[in-house]
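Peer 1: Spelled out from the first residue to the last, the chains are:
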Amino acid sequence: MQRSVKSRAVRQAINFCRSQHSKVAKESETPAEWKGVVGLEIHAQISTNSKLFSRSSTEFSSPVNENVALFDAATPGTLPVINKACVESALLTALALQCKINPASTFDRKHYFYADMPAGYQITQQRNALANNGVLRFYVTPPDGKPYLKSSKLKQLQLEQDSGKSLHDIEGRKILVDLNRAGIALMELVFEPDLSNGEEAASLVKELALIFRKLKTCSCKMEEGALRVDANVSVQKTNSTTLGPRTEIKNINSIRGVANAINFEIQRQIDANKRNERVVVETRAYDAQNKSTVAMRDKEEKQDYRFMPEPNLPPLRLAEGETGDKKIVSIDTILKRIPELPEKVREKLMKEFDLVPIQAINLVNDEFLLELFYELCNQIEKPNGRTVYGVIMIDLLALLKQNGISYDKNPISTGNLLELYHLKQERLISSHVVSKVMDALNQDPSNSAQKIVEENSWFLINDREVILKVCTEVVAENQKKVRAVLKGKKNSFGSLISAVDKKFNNQVDMQIARSIMEELIEKERNK
Amino acid sequence: MTIKQLSKELQDMTIAPTKLCEASLKRIKNSKYLNNFITISKELAYEQAQASEKLIKAGETRSPLEGLPVAVKDNFCTKNIRTSCASKMLENFIPTYNATVVQKLVDHGAVIVGKTNMDEFAMGSGAVDSAFGPTKNVWKTPSGHLKVNTFQGNQTKAVDAEEDWFIAGGSSGGSAAAVASGACVAALGSDTGGSTRIPAAYCGIVGLKPTYGLLSRHGLIPLVNSMDVPGILTRNVDDTTLIFNLLAGWDPKDSTTVQEDFEPIDLESDFNLRNITIGIPQEYHSPGIDAQVLNSWSSVTTLLEKLGATIVPVSLPHTKYSIACYSILNHCEVASNMARYDGIEYGLRSAEQQSTEEMFAKSRSQGLNQVVRGRVISGNYFLLSRNYENHFLQALRLRRLIANDFLNVWANGVDLLLTPVTLGEAPRFSEFTLKDNREQCATQDYCTQPANLAGCPAISIPTQLSKNGMPLGLQLLAPNFDDAI
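Chains as they are written, first to last, in the numbering used here: chain F, 354 to 880; chain C, 1388 to 1872.
Be aware that a few hints might be false.
Dumping the calculated DSSO-like pairs for lysine-lysine here, alpha-carbon to alpha-carbon at most 27 Å [claimed, not checked]:
#, chain 1, residue 1, chain 2, residue 2
1, F, LYS855, F, LYS843
2, F, LYS527, C, LYS1475
3, F, LYS527, C, LYS1749
4, F, LYS655, C, LYS1749
5, C, LYS1395, C, LYS1406
6, F, LYS680, C, LYS1640
7, F, LYS822, F, LYS876
8, F, LYS463, C, LYS1640
9, F, LYS518, C, LYS1749
10, F, LYS437, C, LYS1640
11, C, LYS1749, F, LYS463
12, F, LYS679, C, LYS1640
Label pairs and their calculated CB-CB ranges [stated by the list, open to error]:
#, chain 1, residue 1, chain 2, residue 2, range
13, F, PRO668, C, GLN1669, 33 to 39 Å
14, C, ASN1774, F, PRO668, 20 to 26 Å
15, C, ARG1815, F, LYS679, 53 to 59 Å
16, F, PRO710, C, PRO1639, 48 to 54 Å
17, F, ARG408, C, ALA1438, 27 to 33 Å
18, F, ARG408, C, GLN1757, 36 to 42 Å
It should be emphasised that the hints constitute simulated quantities derived from the structure, not laboratory data.
Don't be surprised by glycine CBs; every beta carbon is placed ideally from N, CA and C.
This is chain F alone, in the form it adopts within the complex (with noise of 0.2 Å):
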């Protein structure tokens, strides 16, 4: 394996990538004899202009109670009247999940007193939904291991009505409510509890957004409160069928708490389970501070939400094929709208670019630097995937982060990515300069990288006579060391050949300079 020395940046670039993927609080021991299993419901706000049976507006950050409409507020004698855009994203997401369609989905209320919903119900769809039995198949990227492939079976999609807010005021002894959220257009994804980790739950949370961003049917901001995931957690036997007693989390507001809030919760059951305590079904919340989850002080009796048919809203019915009535959402026409999935593009990217697992996932989950891809590969007559990845994931991304430059202002144009491609796929350059050249880019970013090789002599040296003098050199210089590889030990033939790139200032070409190191050592070993 050939053990390139890289420098410090190129390091760093390499464990920002690692890092992308959520990292676990704590190093949970889940003993052999116990497992997780986890279920996610996933709320997720659909980005039109205006809420789901009201014409006002969902901007975020709008001053209070600006975007309430009179049925947002139920003011009485108001009717809901559904919006067509609402319906068209949901069926997108729906069908982009492998969902059933349900050609005719019924609307329901579900009853209960909060301050923040006024009319005293929400309107959801609870018992005829819009979409079931789906599946999203993503990758798990765990901290220590190869990616693998996991699926969950998605149960339900509904759509229904989001909450005002409500504010607090402990001391004023008040709530404050906000309505400007009250009838945002969401979409509700049930999953079978088929997850095992928080690891999983959070990978399962980053391809769903992946997606809803591809259908652009929701913004996914999690700060913003666009993507609410509450996760359904217990434990179980290994062995075993039976499903413990479970807790739901809620608060989690961002995809690192999926992992943490849900690892810590297992853990947690496991160890009530181990000192023979009962776990007690509850709802808790994700404390982030601490990255635990804490028993809601507000204990919910079971609620019985007096489900009841919507009267004022006819079944929501869809067209099979196309149709010319625009009143009308036609499945057929929605599923030509599906664009090119994140599991359909990694797996062009390794096919076609030959790119492994981990490059194209890393790839699909950023978009800036997977259309730079595309870009340096179209200019490029039989590009080396692996090689371009590593110009931009190793080599470009590890000067930006370095410097704090962000995507926007990336000073390094395409036309010095091929270059360097170029330099590097031919091997006229090390690594070693990649980095420097792109230092003397940042600050130059009008001068051209192969100048730049050019001026500095930074070409890797690749004259085999050359190579094979030093190479001697360095045999005549380090016996001891050279003993020590004819015993076996395989990491003094790693520091010869350390010493023979010292001597050539990091520019030999390091493929020569092993293959003529092993001759020469051959050589001794026959002397």
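Start from chain F and add chain C according to the hints.
Peer 2: Relative to chain F, chain C alone:
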């Protein structure tokens, strides 16, 4: 006078709309003892009358309703005019928008003189359970010196026999009394279980319940969303037709209105009864019905037969279950529709500071009367998941059977059904209050609520006076969307 005749007078400028408006307001003032208005919109009415006057002078009359006084039941939202639903909960609620049907009236030039009294949130068949006092029937009610009964808490005060009067019927009692007393040419009511037809019969006027889905409910504060319809109260059928034509049609703000183009009705003057088959449903021959009503029913039947109609006896076998079915569906929807009255965005908010839940509870206890609260509690009981199947779902199944009864009858060549509408003449208040609201509704609504379950159009027409000189009426029902007939 019909609307058309009155309109002509205005066009000819023999009467000015403003004068008409004044006369209407004066009549309302003089009939204050009837307590049929909760809010009188004097200034707005006068403004509208003035506007009408200008348009008429300029020859730009918008419709035959231009400049004519009209009353609106107090459960329709009227912009800038208090809309209370006869409840303390909405005593200070002033909507910022007009209900669609109200807007249509206004756009056609009607002058809204005021909001009429009703049973609180339309729950009742007598128009007696109102936070603003009961409504009296204009027929045979002594005028002048009587003071209006006031109410404390949620109790109906008993009245001694001397001051006794006849009820106007509910829940649109105020609207019916307003039309019957001549204060306005027409009034909007609502009909969920008979609330337009019963007061029409008691007050001797015409009350139409159109097909569900023909008139918009946007702005009609709901009782039962799946049965409510705006109702039209007038003195004659021509007026009913005129107003019906102005109000019907698809409303994008109400998803339960039908989208097909609405064709205005043209009442044929040479209507031929020979082409009509009239069904007489035997189940409506209920023991509770007064002999005079039954006589009226049979004499009208005979009359129609003489005029050439074919009379057939028919059966609607599930009629006897319809009250129970109606009650369950009604209570469940009430429990749901009333959930929004928590005092936060609008309506009565109690001074309770301890906790949100207590504030909700106190506001609702103080704002809603016993009838409303009773239905909320029983509705919630029926909607509990353990009861849902046996009560709500069962009622839905029963509703389908009842609706199918009608469909079967229409399919067998029947064009109209002729039935009683009330059990008798308007009862005295003292008699009526012997039973509580729930019992009364269960009895009084017998003939009327099946039409709401089926959604079909029904009209109450005055036929004759009783021996006591009180009006009696009968009801005609037709297939859904066949309101024309």
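Peer 1: A separate judgement is required for each hint: does it hold in the structure or not?
Peer 2: Status of each hint after checking the structure:
1. Note on LYS855 (chain F) and LYS843 (chain F): the hinted pairing holds, with a Cα-Cα distance of about 19 Å set against a maximum of 27 Å.
2. Of the supplied pair hints, the one linking LYS527 (chain F) and LYS1475 (chain C) holds, its CA atoms being roughly 25 Å apart against a limit of 27 Å.
3. About 17 Å separates the Cα atoms of LYS527 (chain F) and LYS1749 (chain C), which keeps this hinted pair within 27 Å; it holds.
4. As the CA atoms of LYS655 (chain F) and LYS1749 (chain C) are separated by approximately 24 Å, the hinted pair is consistent with the 27 Å bound.
5. For the hint linking LYS1395 (chain C) to LYS1406 (chain C), the alpha-carbon distance of about 15 Å falls within 27 Å, and the restraint holds.
6. For the hint pairing LYS680 (chain F) with LYS1640 (chain C), the CA-to-CA distance comes to about 15 Å; that is within 27 Å, so the pair holds.
7. For the proposed pair LYS822 (chain F) and LYS876 (chain F), the alpha carbon gap of about 15 Å is at most 27 Å, so the pair holds.
8. Simply put, LYS463 (chain F) and LYS1640 (chain C) have alpha-carbon atoms about 22 Å apart, close enough for the 27 Å limit, and the pair holds.
9. The straight-line distance between the Cα atoms of LYS518 (chain F) and LYS1749 (chain C) is roughly 23 Å, inside the 27 Å bound, and the hint therefore holds.
10. At roughly 14 Å between alpha-carbon atoms, LYS437 (chain F) and LYS1640 (chain C) fall within 27 Å of each other, so this suggested pair holds.
11. This hinted pair checks out: LYS1749 (chain C) and LYS463 (chain F) have alpha carbons roughly 23 Å apart, not beyond 27 Å.
12. Straight-line distance between C-alpha atoms of LYS679 (chain F) and LYS1640 (chain C) comes to about 17 Å, which keeps the hinted pair within the 27 Å bound.
13. Checked against the given bound of 33 to 39 Å, the beta carbons of PRO668 (chain F) and GLN1669 (chain C), roughly 36 Å apart, stay inside it.
14. Between ASN1774 (chain C) and PRO668 (chain F) the CB atoms are about 24 Å apart, so this pair conforms to the stated range of 20 to 26 Å.
15. Against the hinted window of 53 to 59 Å, the Cβ-Cβ separation of ARG1815 (chain C) and LYS679 (chain F) comes to about 58 Å, which satisfies the hint.
16. At about 51 Å, the CB distance of PRO710 (chain F) to PRO1639 (chain C) agrees with the hint of 48 to 54 Å.
17. The supplied range of 27 to 33 Å is met by ARG408 (chain F) and ALA1438 (chain C), whose beta-carbon atoms lie about 30 Å from each other.
18. Range check, ARG408 (chain F) to GLN1757 (chain C): about 38 Å between beta-carbon atoms, so the 36 to 42 Å window is met.
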